[in-house]
Amino acid sequence: MPYEKTVKLINMLEKKTSEGRVEWQETSDDGVFQAAFPGYAVRVLMHSAGGRFSDEDPDYFVQLYNENGTLIEVIRQDDIREGEEADAYKKSYGVLKSLYEGARRHAMGVDRALDQILEQLENDVPF
Amino acid sequence: MLADVLDVVTTYRLGDFASIIGLLVAFIGFAVTLWNVVRSKRAAEKAEEAVTRVRELLVQADTIKEFSSAVGIMDEIRRLHRAAAWAMLPDRYSALKRCLIAVRAQNPAMSERHKIATQAAITQFTAMERKIEDMLANHAAAPNVARLNKIVSGQLDSLAGVLAEIQDQIGR
Numbered sequence: 001m002p003y004e005k006t007v008k009l010i011n012m013l014e015k016k017t018s019e020g021r022v023e024w025q026e027t028s029d030d031g032v033f034q035a036a037f038p039g040y041a042v043r044v045l046m047h048s049a050g051g052r053f054s055d056e057d058p059d060y061f062v063q064l065y066n067e068n069g070t071l072i073e074v075i076r077q078d079d080i081r082e083g084e085e086a087d088a089y090k091k092s093y094g095v096l097k098s099l100y101e102g103a104r105r106h107a108m109g110v111d112r113a114l115d116q117i118l119e120q121l122e123n124d125v126p127f
Numbered sequence: 001m002l003a004d005v006l007d008v009v010t011t012y013r014l015g016d017f018a019s020i021i022g023l024l025v026a027f028i029g030f031a032v033t034l035w036n037v038v039r040s041k042r043a044a045e046k047a048e049e050a051v052t053r054v055r056e057l058l059v060q061a062d063t064i065k066e067f068s069s070a071v072g073i074m075d076e077i078r079r080l081h082r083a084a085a086w087a088m089l090p091d092r093y094s095a096l097k098r099c100l101i102a103v104r105a106q107n108p109a110m111s112e113r114h115k116i117a118t119q120a121a122i123t124q125f126t127a128m129e130r131k132i133e134d135m136l137a138n139h140a141a142a143p144n145v146a147r148l149n150k151i152v153s154g155q156l157d158s159l160a161g162v163l164a165e166i167q168d169q170i171g172r
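Line order of the protein sequences matches chains A and B.
So that you can map any letter, position 2 of the first sequence is 2 in this note's numbering, and since no number is skipped, the others follow by simple counting.
So that you can map any letter, position 95 of the second sequence is 95 in this note's numbering, and since no number is skipped, the others follow by simple counting.
One or more of the hints may lead you astray.
[As the list claims (entries may be wrong)] Derived lysine-lysine pairs resembling DSBU-like cross-links, with alpha carbons at most 30 Å apart:
(1) A:Lys16 to B:Lys65
(2) A:Lys15 to B:Lys150
(3) B:Lys150 to A:Lys97
Simulated from the structure, these hints should not be mistaken for lab results.
Every value quoted in this text rests on a predicted model; they were computed, and no experiment measured them.
The whole structure should be built from the sequences, with the hints applied where relevant.
What follows is the structure in structure tokens.
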């Protein structure tokens with residue numbers, strides 16, 4: 001049985017990230033991205049070995065840090081899975097994957113780069 | 001003689017006039033007292049405002065001092081990264097964290113944006129401290145200096161921006 005607040009946090013974080021309303025930044029660790037809030041911080045990361053569905057699928061994690069930068073919670077797919085059905089596995093995995101991908105795109109400035117390139121192409125700038 | 005005086009008082013109803021004048025004097029006295037009370041309250045409020053403002057300025061001055069120290073330590077951390085002086089770094093990360101935590105404790109009314117920038121730096125440098133401590137304890141390979149300094153520079157820019165905004169607020 002997942003903890004209701006954890007599920008809500010991950011869903012909201014994923015939603016706000018997809019809307020571009022969370023300020024993600026890179027960290028000193030490869031593939032780890034961080035978003036700070038007043039008094040807390042969240043990090044998302046993935047682990048490639050031993051994925052849930054196949055060897056190629058990485059696992060995604062969310063870490064919560066307190067005001068002093070101490071790790072206080074690690075959220076895994078099982079912590080937000082609502083049920084034992086295949087769909088529940090798929091849904092919880094999908095939310096974490098989408099959150100991670102959104103955080104990565106924001107931290108690396110992918111959306112900004114795509115927007116600018118698209119704007120240039122739409123304006124028919126001659127090359 | 002006294003009878004004459006009483007007669008004049010009665011004839012001209014001087015007692016009534018005296019009562020009316022007494023009442024007027026009482027009203028005027030009450031109004032003056034009220035006015036003085038209001039004036040004293042305003043003066044006390046202004047004095048309190050001045051004390052609060054001075055206190056705020058002192059806190060802001062302390063904040064600037066702590067932020068300036070933090071920025072200085074971040075510069076030093078970058079240099080230590082480049083010099084691969086790993087054993088010296090955990091102390092500097094801790095000192096930096098202390099500065100940032102002090103800033104936050106001194107300024108509970110800090111803007112949300114400034115709190116976020118401070119929290120981001122605290123979390124980033126705590127993670128770096130842990131990473132270097134692990135590396136030293138396990139005699140592991142040194143981390144990528146360029147990557148570390150990219151993160152330090154990002155945090156430095158962010159906190160320097162906060163510092164400039166606080167200095168600007170004091171200057172107003």
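Which hints from the list above does the structure break, by number from lowest to highest?
1
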